[in-house]
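There are 2 protein chains.
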Amino acid sequence: MARDLVPRLLEFAGVFETDGAAFSLDPRLDNFESRSAAMADVLAELRVEGRINGWRDELFRVAADFGAPPFLKMERAGAPLFGVTSYGVHVNGFVREGKDLSMWVGRRSPSKPNYPNMLDNVCAGAVAFGMGARETLIKEAQEEASIPAAVASQAKPVGAIRYCCEGDGGLRPDVLFVYDLELSADFKPKPGDGEIAEYMLWPIDKVAARVRDSFDFKFNCNLVVIDFLIRHGLIATDEPDYLALVEGLHRPREIFAP
Amino acid sequence: MARDLVPRLLEFAGVFETDGAAFSLDPRLDNFESRSAAMADVLAELRVEGRINGWRDELFRVAADFGAPPFLKMERAGAPLFGVTSYGVHVNGFVREGKDLSMWVGRRSPSKPNYPNMLDNVCAGAVAFGMGARETLIKEAQEEASIPAAVASQAKPVGAIRYCCEGDGGLRPDVLFVYDLELSADFKPKPGDGEIAEYMLWPIDKVAARVRDSFDFKFNCNLVVIDFLIRHGLIATDEPDYLALVEGLHRPREIFAP
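Protein chains in written order, with this note's numbering: chain A, 7 to 264; chain B, 7 to 264.
Among the hints, erroneous ones may be present.
[Claimed, not checked] Chain A is nowhere near these chain B residues, computed Cβ spacing over 10 Å in every case:
no.	residue
1	31
2	61
3	186
4	238
5	243
6	253
7	255
[Claimed, not checked] Covered stretches of chain A, going by a simulated chain B footprint (3 or more residues, C-beta under 8 Å):
no.	region
8	30 to 39
9	66 to 79
10	129 to 143
11	162 to 175
12	238 to 245
FYI, nobody ran anything at the bench for these hints, they're computed from the structure. Idealized CB from N, CA, C, for every residue including glycine.
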């Protein structure tokens, strides 16, 4: 949690408390509903005070781990203020023709509040409260890339990436569930909800070079591409940073929150 | 390093020294050749004393990291006494027929000194001094599984696994470079150098069940299979231990040696 937010949060009597070292919810908030309601009130006030950017009207599930019983639910835009782990799905949309691989790359809309014009995976999205990873994938594929459920459901879960960075006004300890979706050469994703302005099918070497030589990809999408390159044998073991790349993509939670 | 070995090692004057906390090589051993020669003398004596099991006549490269300049070389069987990281290659030999995957599973020879009769990957081996990961793969594929170089060279590097355990008289902080080798349905690996007694082509579900329900696979080969199952979409994100599995296979070095 950002230190400069602590004094403000402690003004919410009956919600937060501290013993000077640890900071916690008032133990009288002893169930999911009461904790969620208290957090909703707090975030509504912080929003009015201009302390939360980019309100989403999307709820996140807050739990000790993905799939663990939820402790509370809260507005997505408030999650970074508390360092709450978010879970997302990212899809590599690729085309195989013989030995050649190509990858669909999206360019984010110039009007997006965050990361406008940057390159992106074919579709991606945060797992919202009440949704699973696969459901999120099917929904985002349809909404963002106009990929019908019958096609999106062919996507294979191929791992997960964890990172932790500062962003969106706080701390983002994110987990991305990664999917590979092999698309036929005659299928074209199309921008749906306006998140993505255009899709381009690039030879995989061009995608790899762009990740290596530029910051054109949104900061977390490059990780998803690097993971794809490793899993498909397109980065060799004689790459000096091979182990650092493999392990950097999968740093366990205790590295970030000992 | 095993604590009970420390007093014996300190008897090697001019080789090891300690300040009571750290344990190190005598700084007068200031180059690769002198360090390697001193270590060879030490290990030869420890072998006579029965402190080293399973002498291999194989040399390991000792360096700060894979590919870093070597600090010294030493007999493989002595590496666990000093907690030296070993690097190996493990190959998933699999067959794809339509949507169905099968995997070649080896059964280790009953006369092997270590892990006799246990199940194994199609081929595997430690990276010896002066060899690269891919060279090791080509060599082991030929020697262990009678897979010709023209076939083995189709193997794709798909990642790496790190673990650390006690074994072979010391500590084994191992890195396995993982390769996927897709074999045609009419190709059959054959035992070569006697490490493997027989090969069996099993449906992937049978392999997965054996890994889940038994300890029939050699302790590190099961990790290689689990990694294969994850990368090929055969373990879904709703598996409760999904993140623990993905991250457990890629624990970074600093987890083991802070």
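Any hints this thing doesn't respect? Which numbers, in order? 3, 4, 5, 6, 7, 8
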